[in-house]
Amino acid sequence: MNTLNQMKLSFLSRSANEGFARVAVAAFFAQLDPTVDEIADIKTAVSEAVTNCIVHGYAEKIGVVYIHAKILKDNIISVKIRDQGRGIEDVKQAMEPMFTTCKNGERAGLGFAVMQSFMDSVKVSSKPGKGTTVILKKKIASRENNAQ
Amino acid sequence: MAVRIEQEEHHIIAHLSGEIDHHSAKEMRETIDFSVESALPETLTLDFKDVTFMDSSGIGLVMGRYKLMQSMNGSVQVCNVSDHIRRVMRLAGLDKLAVIEK
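Order-wise, the sequence lines are chains W and V.
Take the first sequence: its position 113, counting from 1, is numbered 113 in this note's numbering, and each next residue is one higher.
Take the second sequence: its position 73, counting from 1, is numbered 73 in this note's numbering, and each next residue is one higher.
Just chain W, same shape as in the assembly (with noise of 0.2 angstroms):
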């Protein structure tokens, strides 16, 4: 077995649960000990990443947003953000940076460049109507593994 330590969370998809999430998932990893700029990183996607569920996934709706943080070895964080939304026609488009579905210019289109950015690696799936599926995955470079 690879995971050292997980945890499953699930919230309603309200935006008052964007700071939630991001602290919860930041207060997991923080058996890590990692330093103040990998836990804002970590915060930062993590928040990028559930705002897409929100504002895109759900949208006008209400529905569940599922998060799977994992501890696994060698290091290395891996957070699972799924929401059972409208899901995304073209992953590689909205992946570029600058591209917004958003009209009144107030989303920037940068949350995929933000957490590609702050993380070594970032994986979507989607499937239009089924909802959307983001890993996000990061080497903690602080002290040695106390997870064991």
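Source of the hints: derived by calculation from the structure; they are not laboratory data.
Just so you know, even glycine gets a beta-carbon here, dropped at the ideal spot from N, CA and C.
Any given hint could be a false lead.
Only some residues are given here: those of chain V computed to face chain W with a beta carbon under 7 angstroms [as the list claims (entries may be wrong)]: (1) Glu19; (2) Asp21; (3) His22; (4) Ser56; (5) Gly60; (6) Met63; (7) Met72; (8) His84; (9) Ala92.
Dock chain V against chain W, hints included.
Only chain V this time, still in chain W's reference frame:
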């Protein structure tokens, strides 16, 4: 209150505080736009000194205010940005759009 507005002649300073995400950005945006649209300043300063977290919603917030000020031939300054927030802003090329001071 997530935004405190300080108004001088031709100049508005919006002191932002707390966490900027999709949830909180809306209220911040409305507060800033209300004072800008009623005072019509020449410059708008967004002060990030007390901002503890920002995701790409903050980029949208700055970009939107930049467009608003530009429509009135005004300008936007961003100040007191932490290293992490600066990284998020750089991703968007905001450093080319608005003057970012340390």
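Query raised in the report: Per the CB criterion, is glycine 60(V) less than 7 angstroms away from chain W?
Result: Since chain W brings a Cβ to about 5 angstroms from glycine 60(V), closer than 7 angstroms, the hint holds.
Query - Agreement of hint methionine 72(V) with chain W interface, Cβ distance less than 7 angstroms - result: violated, 16 angstroms
Query raised in the report: Does serine 56(V) pass the interface hint, meaning its C-beta sits closer than 7 angstroms to a C-beta of chain W?
Result: holds, 4 angstroms
**Report entry** Satisfaction of the aspartate 21(V) interface hint, Cβ to chain W closer than 7 angstroms
**Finding:** At about 5 angstroms, which falls below the 7 angstroms cut-off, the nearest Cβ of chain W leaves the hint on aspartate 21(V) intact, so it holds.
Query raised in the report: Given glutamate 19(V) as an interface hint, is the shortest Cβ-Cβ distance to chain W below 7 angstroms?
Result: holds, 6 angstroms
Query raised in the report: Can histidine 22(V) be said to touch chain W, with a Cβ gap under 7 angstroms?
Result: Status holds, d = 5 angstroms.
Report task. Return the status of the interface hint for alanine 92(V): holds when the least beta-carbon distance to chain W is below 7 angstroms, violated otherwise. Result -> holds, 6 angstroms
**Report entry** Proposed interface contact between methionine 63(V) and chain W, which counts if any beta carbon pair is under 7 angstroms
**Finding:** holds, 6 angstroms
Query raised in the report: Is the interface hint for histidine 84(V) satisfied, with its Cβ closer than 7 angstroms to some Cβ of chain W?
Result: Hint holds; histidine 84(V) Cβ to chain W Cβ min 4 angstroms, cut 7 angstroms.
When the structure is compared with the earlier hints, a violation turns up for hint 7 alone.
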